[in-house]
Amino acid sequence: MRNKEMTFKIGGEAGQGVESSGAGFAKALARAGWHVFGMQDYYSRIRGGHNFYQIRVSDKPIYSHTEPVDLLLALTQEAVNRHCQEVVTGGGVICEECLEVDCEALDKRDVNYFPAPLTDIAQEQGGAEVMRNTAALGVAAGLIGFPFEVMASVIEDNFAKKGAKAVEGNLRVAEAAYRFAGDNYADRFDYELGRIEDAPPRMLVNGNEALALGALLGGCKFVAGYPMTPATSILQWMAGHGERYGVVVKHTEDEIAAILMLIGAAHMGARAMAPTSGGGFSLMTEGLGLAGITETPIVIVEAQRPGPATGLATRTEQGDLLFVMHASQGEFPRIILSPGTVEECFEAGWRAFNLAEMYQCPAIILSDNFLANSVRSIEMDALDFAGVEIDRGELLTDDDLDQLESEYLRFAYTESGVSPRALPGHPKAVYQATGNEHTPDGHLTEEPEARRMQVEKRLRKLDTALHEMDGPVQYGPPEADLTLVGWGSTYGPLRETVDRLNAEGTTANMLHIRDVWPFPTEKVKAALSDAGRTVMVEGNATGQMAFLLESHAGVKIDHHIRKYDGRPFSPEYILAELKEVENG
Amino acid sequence: MRNKEMTFKIGGEAGQGVESSGAGFAKALARAGWHVFGMQDYYSRIRGGHNFYQIRVSDKPIYSHTEPVDLLLALTQEAVNRHCQEVVTGGGVICEECLEVDCEALDKRDVNYFPAPLTDIAQEQGGAEVMRNTAALGVAAGLIGFPFEVMASVIEDNFAKKGAKAVEGNLRVAEAAYRFAGDNYADRFDYELGRIEDAPPRMLVNGNEALALGALLGGCKFVAGYPMTPATSILQWMAGHGERYGVVVKHTEDEIAAILMLIGAAHMGARAMAPTSGGGFSLMTEGLGLAGITETPIVIVEAQRPGPATGLATRTEQGDLLFVMHASQGEFPRIILSPGTVEECFEAGWRAFNLAEMYQCPAIILSDNFLANSVRSIEMDALDFAGVEIDRGELLTDDDLDQLESEYLRFAYTESGVSPRALPGHPKAVYQATGNEHTPDGHLTEEPEARRMQVEKRLRKLDTALHEMDGPVQYGPPEADLTLVGWGSTYGPLRETVDRLNAEGTTANMLHIRDVWPFPTEKVKAALSDAGRTVMVEGNATGQMAFLLESHAGVKIDHHIRKYDGRPFSPEYILAELKEVENG
Amino acid sequence: MVEVRDYQSPVRPTWCKGCGDYGIWNSLKLALAELDLAPHEVLMVSGIGCGSKTPDYTHVNGLHTLHGRSLPPATGARLANHEMTVICVHGDGDGYGMGLGHMMHAARRNMDIVDVVQNNRVYGLTKGQYSPTSPAGFVSKTSPGGAIDRPVNPWSLALAAGATFIARGFSVDLRHLIEILKKAIQHRGYALVDVLQPCVSFNRAYAYNYYQPRVYKVEEEPGYDPADRAAAWERAHEWGDRIPIGILYQAEGVPTYEDQVAVLRAGPLVKQGFREWTEEDYAVLRSGFM
Amino acid sequence: MVEVRDYQSPVRPTWCKGCGDYGIWNSLKLALAELDLAPHEVLMVSGIGCGSKTPDYTHVNGLHTLHGRSLPPATGARLANHEMTVICVHGDGDGYGMGLGHMMHAARRNMDIVDVVQNNRVYGLTKGQYSPTSPAGFVSKTSPGGAIDRPVNPWSLALAAGATFIARGFSVDLRHLIEILKKAIQHRGYALVDVLQPCVSFNRAYAYNYYQPRVYKVEEEPGYDPADRAAAWERAHEWGDRIPIGILYQAEGVPTYEDQVAVLRAGPLVKQGFREWTEEDYAVLRSGFM
Ligand SMILES: Cc1ncc(C[n+]2csc(CCOP(=O)(O)OP(=O)(O)O)c2C)c(N)n1
Ligand SMILES: Cc1ncc(C[n+]2csc(CCOP(=O)(O)OP(=O)(O)O)c2C)c(N)n1
Ligand code: SF4
Ligand code: SF4
Ligand SMILES: [Mg+2]
Ligand SMILES: [Mg+2]
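Chains as they are written, first to last, in my numbering: chain A, 29 to 612; chain H, 29 to 612; chain W, 10 to 299; chain Y, 10 to 299.
Since the hints were made in silico from the structure, they are not lab data. Careful: at least some of the hints might be erroneous.
So the derived label-pair ranges between C-beta atoms look like this [what the hints assert, rightly or not]:
| # | chain 1 | residue 1 | chain 2 | residue 2 | range |
| --- | --- | --- | --- | --- | --- |
| 1 | H | Glu433 | W | Arg238 | 41 to 49 angstroms |
| 2 | Y | His246 | H | Asp491 | 57 to 65 angstroms |
| 3 | A | Asn611 | W | Gly282 | 33 to 41 angstroms |
| 4 | A | Glu132 | W | Arg213 | 44 to 52 angstroms |
| 5 | Y | Trp248 | W | Gly276 | 21 to 29 angstroms |
| 6 | H | Glu435 | A | Val609 | 34 to 42 angstroms |
| 7 | H | Leu487 | A | Lys32 | 56 to 64 angstroms |
| 8 | H | Gly571 | A | Ala531 | 45 to 53 angstroms |
| 9 | Y | Arg284 | H | Ser444 | 56 to 64 angstroms |
| 10 | A | Arg561 | H | Glu435 | 43 to 51 angstroms |
| 11 | H | Glu435 | W | Glu43 | 25 to 33 angstroms |
| 12 | W | Ala236 | Y | Arg284 | 54 to 62 angstroms |
Just a few of them, taken from the derived set where beta-carbon distance is under 8 angstroms, the chain W residues facing chain H [to be verified]:
| # | residue |
| --- | --- |
| 13 | Ala47 |
| 14 | Pro48 |
| 15 | His49 |
| 16 | Ala86 |
| 17 | Leu88 |
| 18 | Leu273 |
| 19 | Val279 |
| 20 | Tyr291 |
Bear in mind the structure is a predicted one, so any value in this text is a computation, not a measurement. C-beta atoms are modelled at their ideal positions from N, C-alpha and C, and glycine is treated no differently.
With the sequences and hints as input, model every part of the structure.
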């Protein structure tokens, strides 16, 4: 049987290379022409514990993982214990012979048991026990008849930086394992996953990478940040690419320094971005207000993880929405985007800079661990590189300034609220920027009228910016009995849910909010005006987006599905919860 | 004529002792039996600029300043220029002869002009120009026939710490000025403000002092803070009283350290408080979440000033409500109180500790510059010292712990969400507290079920705490055509407005929200259910409390009066705005 | 008699096999037991990082706080209960990076806290970025071209800040580290114990093989006097073929911060109980507002 | 030729009469003019405090930021435009208290920033609380019983942190301060200029009369060599009857942070313009994900 879809799960300890082998296998599958969605689940520790990597492949585009596992690669007893029951009838379990497996239970459900001497193969062929993961992949590839040369090409690429010995060792291990599967389990497994011959090449990208790419192409020149899961890889990707593409990347002493360095750099004219998570954003709170009152365009990426405080460092949640909306004393405009897909991350990466510069205020991209770290295969043109636009808003050129006849007023009162901006360095635009209230020329003032005018000028930018905010993205039939509403990383699971519901006969669609602030009230209202039953699905305990919908657009959601256990939504989870909703 | 009410305004530069003489005069007036309300208005600079101190006295209790000035004491030309037009018909202006005064304009409005050789008196009698302010007070006291000995008693008390010479000098200056007024302007001024013979003694207290008193009597043992206007005087008052009453007071290196020191101290069992303003609170954001997840009871006083960032450092605003409500990543319970009067500040001072300990979470007292720094005379029993209660919630004693039979679980799942708390130091209660998610015994966990249980346990505390939250305070006739709604420091001006409206024939009342979070939805709804026309009066630009009312209680306010120029509301301003509302 | 096993927690460490944190952890437990301090008499405060999980693995009063922030809560805890022995344990990123300001202030105050820094010269928990003690040129995920920030020198910073006890241990030499820790705990005042802590996962270049041949004990140097501040300054800069460990500096007799807080003369704050307010107290308080 | 009046702002200082900030302000303007630096070539970054208002009173590119935070934005500004001369001006509370961590890190990075600290040993703007440089026993509104935190020693901290230029001026001795500032501006790397700055309103004990008889110039000491780090360490601790001013320490030839950032070899970041992306670039980028 030639399969159209399949889910692999690789489970083991931190340090066993679960993530790297999972990512490698995902890449191989993508290279073979499959659509791929890969997600990781790991503990906040370097060794031990129990991590897994889950890969779903399909011959059609997919946006999410799903729960049932077709082939489990269990590297540890824990992985066996935790995941065997997730394997579907007809599926299989690959693991070391010595592990305890309840074969009877597997048999009952017609799950195939594929014991394999992974450690032996790793040691004999590769000379190192750590290559056990490669052995497992080799067995898996063998079982499904995956073209070995594709797998080999990924091994070559991935281990290249570790040297020829690593490449060769892993190749030998993979090959031996592949052969082992063929020799021992030929025809024992009913899945076949070959190469899709006519498939175009695709990229495998996660949210962080897409966002970093968007920022890079959008003219990001300066990145300052402090490592924090799940935002770290943006900082690291930029550090790895900065020298080549002209981006200065600074690992700072803390997040306070990061946001203030952004303000310094952006004030001078560089497009500047800081990736962080909730804890780092907390430390940026005071600086955010400084960007607000000095009208300095900066971009912060807040990749959420479960709080409060350190919470669950390597897991996912959507619990910081109201926090980023209201962070810092006083009232000032900010832009908040919450992309839901890899494509939207890319767009947010450059669009945030435009919005920040057009409205001279901080722009925040609110992402989360699930979106940040899950990879999806996309078409080569899905991230529209050439379509990236750079709009610096009302930025005065040297020529403009040369011709200036009156004194330059950095914080001039304007109808739009936006005051034409000059960068320091021109003799005609020597001005003050300050976190204290100020007159149009930037000097300190405490006069009530001047204060009132500046407050209003700044807040007017929100009205102006509102036009730029997109309404919810719709997916599914325009008219439907059931409308699922979501934001951010729930896009994928929701989309899959909608497809399944419609396939099962329920007409359902979804509305996905991606531009959060200024809240596109009218667009949201319009989108939801003739929705049927509405169900809000979000990853927090208090229903933060539902609260925004109700309080800012007067939309009362009928039912709520929430999750705050650190794990992402799956379509199955949503479907089950929808059943619950129906039943009571 | 013997007056029932009068307003003094002392205006001058920073460094001229405007605030100290204003406060001194207010004290003298209170000692003479008058009800007093005193407010200051000053620039964020140490010398120069233009400051004023305004004192309203009455024979009836008052809660607010009002705008018209009866007697202006102008120490500078700027004070003359700015304030002469505020003086009412029949009122007067005291100033140095050499200042330029538009006597014609004064004459036209029947305002008395009382030139006086203030500097000469100061120099001749006191030997120092700085005593000019005392001279002005002396003249004022002379003009209104204020009992000199009362004034002298205040001078003696206030200057005692500066030494006998300062006391004597100021006394001589005051007396000479007093005599000068008698000699030159006898019967020229139609106001008389003697001693109210049968008046009981009263205290003159501002919001910060009342709050500090409440905290002290409420068992505050530890204060850590970093000076920040307008909260500094709490830190300083505590520093001044700590040694005597057993409070350790630490001026920290920054506000991050302040909140973390609180957490350390509160964790060990000390009632701990940190006073700050918005900027400092921003820096506390991350620590707030740590208190949330470790369930450590701490009290933060956030005395608001206009933001963003440094904003208007010495002025007032109510712009941080939504910020403190949502600060820090993740979702966890916090208590927010927003006292509106000196009495409520006192109560909040001790009540916050009880709530923090009962619900094992951070409690925030949201005040503002106007409330923090304005003094009001109150009856001796208005702050109910003996009524202060200390409720430490579910705190296990050593005895309890001695008798413990099973392992102590600091974060046990309970119906109320509150887990009985043991302080470190007992051999049977050796436990972990952590900012990571944890099991009931305090050890780190990443398991979804344990996470979910802890999130829900913590959030349940909000439901439990809701019962403790008071609904809005009502003032005025129970049934009224017009209901003014406010919170925090607007209490005084609103109350005065209500009195005037009713006196003028409009039936009006007010509802004042003082317990903000958890939001007492039902009580607010009930209070507003049969209100007539509603007008929300708040000191910010975006209507933050109005937003809460609408979003959490479904109460839609009819009209809004907002102010964000750094100055407090006055009854006149509110009345004028109400007219505007009426007219369109 | 307290024994090491009294410090045993049901939770096992999650550190990598071979991580230097094990040695520090064991040394701490041994030092405490040898000083006959019971678990309930000790508060262990940590930040965030691999090593900062130490309290979770130890049966002791634990307070696992925020990245870079262990000294302020330790300070608050000491001020609230100065009978409690308070020990901070945190990483180099935590202590010398984000938390460096707090360290400087804790040192100048001479807070009676033992400050153990697990110095693996890398960020462990976030998987390998360069830290404030990473050498110049160190290649890491945030310094792919080699670090260009010159590293901090914790010893000289502590000395400049006025620390009254400054030491360095090596996580492999348990007995030596235990003795340092015991002296640090017994020292009255701020005690920095920097510990060379191999990270086998992200900093293989600066691990056992690097340190073992280089470390030497200052106390074995002829004439070395830890009371000599100038000598300490010089020695603090030694880092290369020879790396000193041991007690670099100790100043006796400098009063601790806690010693000088008047209120604490009446005993630990948490044991003082709430004041029984009298009418007289009320009158005095009221008189301040009249 | 740039002249002092080019730096004249329409806004007049709001400082107290006699405040030491005037002297620092004037010295800064004179130093800049004498170096022929025009206002648009200079960015002055400040924190919050009395002295931090300096940019507001100066016709210069000004960035008046947050309390304790002037060094990070100055760092960002330098990295974005390293042709700009960047000078921080802030108080002792700001720089040595809240901002001490940033200072340590800026110094070790050798950021090419002049860091002028207006050291009046008190909090001026918030009206008289003790600061990190207030002497032990200092009575203030937050230390009514006398401060018990031992003061920081900015010179020794800077030295320990690796600062390559460390100086102290006295706000009254303008000519001397101007020369220090000029050398600090010309110095390539982090340059601390601590300035003794009398606060006439809140710290009368440590004002002109205190300093005038005590200060002496290190450069006038026979044989004083600012390149000698050990001598600098010793001198950094001199504080009493004799208080050294002048250039304590200067290390030449240490590369600045900016020098070492590869991207900046192509010129100031803000002048590099946006990259013209080619199809080839796109292909390379895409290939990273395949
Ligand atoms: C405010 C904040 N920023 C970032 C992080 C992420 N983080 C956790 S541990 C760590 C660094 C760990 O390095 P180190 O302190 O040296 O400890 P080690 O893991 O090496 O023991 C970082 C950056 C965090 N928890 N909080
Ligand atoms: C986060 C924060 N906390 C507190 C303040 C209040 N504040 C303003 S200036 C200042 C201290 C000023 O002292 P210093 O830095 O020495 O400067 P000086 O006024 O003496 O020049 C303080 C505490 C603030 N602006 N921001
Ligand atoms: S990553 Fe390094 S520091 Fe962390 S546990 Fe592993 S060896 Fe230890
Ligand atoms: S308070 Fe002190 S530092 Fe501030 S302006 Fe006055 S004299 Fe200068
Ligand atoms: Mg480390
Ligand atoms: Mg100062």
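Here is what the structure says about each hint:
no. : hint                                    : in the structure
1   : H:Glu433 - W:Arg238: 41 to 49 angstroms : violated, 54 angstroms
2   : Y:His246 - H:Asp491: 57 to 65 angstroms : holds, 60 angstroms
3   : A:Asn611 - W:Gly282: 33 to 41 angstroms : violated, 56 angstroms
4   : A:Glu132 - W:Arg213: 44 to 52 angstroms : holds, 45 angstroms
5   : Y:Trp248 - W:Gly276: 21 to 29 angstroms : violated, 36 angstroms
6   : H:Glu435 - A:Val609: 34 to 42 angstroms : holds, 39 angstroms
7   : H:Leu487 - A:Lys32: 56 to 64 angstroms  : violated, 43 angstroms
8   : H:Gly571 - A:Ala531: 45 to 53 angstroms : holds, 46 angstroms
9   : Y:Arg284 - H:Ser444: 56 to 64 angstroms : holds, 59 angstroms
10  : A:Arg561 - H:Glu435: 43 to 51 angstroms : holds, 47 angstroms
11  : H:Glu435 - W:Glu43: 25 to 33 angstroms  : holds, 27 angstroms
12  : W:Ala236 - Y:Arg284: 54 to 62 angstroms : holds, 59 angstroms
13  : Ala47                                   : holds, 7 angstroms
14  : Pro48                                   : holds, 5 angstroms
15  : His49                                   : holds, 4 angstroms
16  : Ala86                                   : holds, 4 angstroms
17  : Leu88                                   : holds, 5 angstroms
18  : Leu273                                  : holds, 7 angstroms
19  : Val279                                  : holds, 4 angstroms
20  : Tyr291                                  : holds, 5 angstroms
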